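Chains as they are written, first to last, in the working numbering: chain A, 1 to 81; chain B, 82 to 346.
Just so you know, the hints here were simulated from the structure itself, not pulled from any lab data.
Just so it is clear, the structure is predicted and the values come from calculations on it, not from any experiment.
Worth double-checking, as some hints may not be accurate.
The following residues of chain B were derived to be distant from chain A, with all beta-carbon distances above 10 Å [to be verified]:
| no. | residue |
| --- | --- |
| 1 | N153 |
| 2 | T184 |
| 3 | I213 |
| 4 | K238 |
| 5 | A280 |
| 6 | L285 |
| 7 | Y294 |
Pair ranges (Cβ atoms, derived) [to be verified]:
| no. | chain 1 | residue 1 | chain 2 | residue 2 | range |
| --- | --- | --- | --- | --- | --- |
| 8 | B | F304 | A | M75 | 27 to 33 Å |
| 9 | A | N57 | B | V157 | 20 to 26 Å |
| 10 | B | I106 | A | P48 | 51 to 57 Å |
| 11 | A | A50 | B | F304 | 41 to 47 Å |
| 12 | A | L35 | B | L201 | 35 to 41 Å |
| 13 | A | V78 | B | V164 | 37 to 43 Å |
| 14 | A | A50 | B | N120 | 35 to 41 Å |
| 15 | A | A3 | B | F214 | 34 to 40 Å |
| 16 | B | A305 | A | N57 | 40 to 46 Å |
| 17 | B | A115 | A | A51 | 46 to 52 Å |
| 18 | A | V78 | B | F161 | 43 to 49 Å |
| 19 | B | P247 | A | V41 | 23 to 29 Å |
| 20 | B | K94 | A | P48 | 47 to 53 Å |
| 21 | A | M75 | B | G317 | 26 to 32 Å |
For glycine and all other residues, C-beta sits at the position ideal for the given N, C-alpha and C.
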Amino acid sequence: MSAVVDLAASTGVTGSLGAVAYGLAAIGPGVGIGLIFGHGVEAMARQPEAAGMIRTNMFIGFALTEALALLGIVMPFVFGK
Amino acid sequence: MGAVVLLARAGFKTPTTEDFVWPCITPHWRVGGADLCINRTVGLTFFTAIVVVVLFLLAFRKPNIVPTGLQNFMEVVVDFVRVGIVQEVIGERGLIFVPYLTTLFFFIFVGNVLGVIPGLQFPINSRMALPIFLAILTWILFNAVGIREHGVWGYTKMVCFPSGVPWPMYILVTPIEFVSTVVVRPITLSVRLLANMIAGHLLLTIFFLGTAYLLQPSITALFAVASFALGVVLVGFEMFVAGLQAYIFTILTAQYIGESHSAGH
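With these hints in hand, go ahead and build the complete structure from the sequences.
Here it is in structure tokens:
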């Protein structure tokens, strides 16, 4: 990762590549979590009796998707210098 | 990572992963090549274990038929694990796993909540040792259940060669299924818990250290109020994430056990 930072710095760009990495990594899970909760709310509105079951599965899906976004914030520390 | 932080005045030290490493309090104890000592993480892990044991002992020492007080509260949570997690996901055959899953849920929850308790303020699951150990326990458990239920070859066939797939597809499906079940599951389980706790601790540290840094007699004192308010909101969010991560770890463990027991619903 330092090679890319050096290359970027030589052309006048400085900063943290990890921040850019997290920004890119948060796009997919952002869309995904929006889809999960959107569909969950719609399902709960269509059938309020099933709200408990829908809420449970909604939170499971949210945690699985959020894991990918959090991998994005942790990996720069793992791979970085 | 060498983050370049541009501020009006130099001097704010952003928290890094070095802030998760604590110095040893006791002298080092060498045993068989390992270098052991007690630092803040280890001390807090012992504290979590003691809290969980004491909670259960106090609640269920002399159980009444009609529960009151602490027994009532603990019965609500035990029922939540028993009905909401185990019976929902595994079914009736899963009741043998309720003790382990209840302990797992409580231990992870108390360990995560330590991140917001004033004075302690360090989630023990933000160091990889504990999440990977719990994930390995889960891995041993669901593989052992599968092997005991179906035999070694039967379980391998169930994992690597799922039914209902035309046989030429096995060239593609078998490596993916094997890796995703045997290799990826413990990694994602542990990293999900670890990353949530690291991110939460870093967020709280940034906002409260930032409040202290901004509270200097200049225009930035106004922003210190905003930083503090956001920090307080994040404490509430961290409590929610603590419970959610404990719930997710437990329900995924239950789901893996249920899948090993009988493939598919």
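Hints versus structure:
Every CB of chain A is more than 10 Å from the CB of N153 (chain B) (nearest about 22 Å), matching its label as outside the interface. For T184 (chain B), the requirement that its beta carbon stay farther than 10 Å from each beta carbon of chain A is met, with the minimum near 20 Å. The Cβ of I213 (chain B) sits about 14 Å from the closest Cβ of chain A, beyond the 10 Å cut-off, so the non-interface label holds. Annotated as non-interface, K238 (chain B) keeps its C-beta farther than 10 Å from every C-beta of chain A; the closest such distance is 27 Å.
A280 (chain B), annotated as away from the interface, has a beta carbon of chain A within 10 Å; the closest lies near 5 Å. Every CB of chain A is more than 10 Å from the CB of L285 (chain B) (nearest about 14 Å), matching its label as outside the interface. Once the 10 Å rule is applied to beta carbons, Y294 (chain B) is consistent with being away from chain A; the minimum gap is 19 Å. The hinted window of 27 to 33 Å between F304 (chain B) and M75 (chain A) holds, with their beta carbons roughly 30 Å apart.
At about 22 Å, the CB distance of N57 (chain A) to V157 (chain B) agrees with the hint of 20 to 26 Å. Look at I106 (chain B) against P48 (chain A): about 54 Å separates their beta carbons, and that is inside 51 to 57 Å. Between A50 (chain A) and F304 (chain B) the CB atoms are about 45 Å apart, so this pair conforms to the stated range of 41 to 47 Å. Between L35 (chain A) and L201 (chain B) the Cβ separation comes to about 37 Å, which falls inside the hinted range of 35 to 41 Å.
A hinted range of 37 to 43 Å holds for the C-beta pair V78 (chain A) and V164 (chain B), which are about 38 Å apart. As the Cβ distance of A50 (chain A) to N120 (chain B) is approximately 48 Å, the hint placing it in 35 to 41 Å is violated. Between A3 (chain A) and F214 (chain B) the beta carbon distance is about 35 Å. The supplied range of 34 to 40 Å therefore holds. Checked against the hint of 40 to 46 Å, the pair A305 (chain B) and N57 (chain A) passes, with Cβ atoms roughly 41 Å apart.
Range check, A115 (chain B) to A51 (chain A): about 51 Å between beta-carbon atoms, so the 46 to 52 Å window is met. Separation of V78 (chain A) from F161 (chain B) is about 34 Å and departs from the stated range, judged on CB atoms against 43 to 49 Å. A C-beta distance of roughly 38 Å is found between P247 (chain B) and V41 (chain A), which places it outside the suggested range of 23 to 29 Å. Distance hint check: the CB atoms of K94 (chain B) and P48 (chain A) are about 51 Å apart, consistent with the given range 47 to 53 Å.
The beta-carbon spacing between M75 (chain A) and G317 (chain B), approximately 27 Å, falls within the hinted interval of 26 to 32 Å.
In summary, the structure is inconsistent with hints 5, 14, 18, 19 from the numbered list given earlier, while agreeing with the others.
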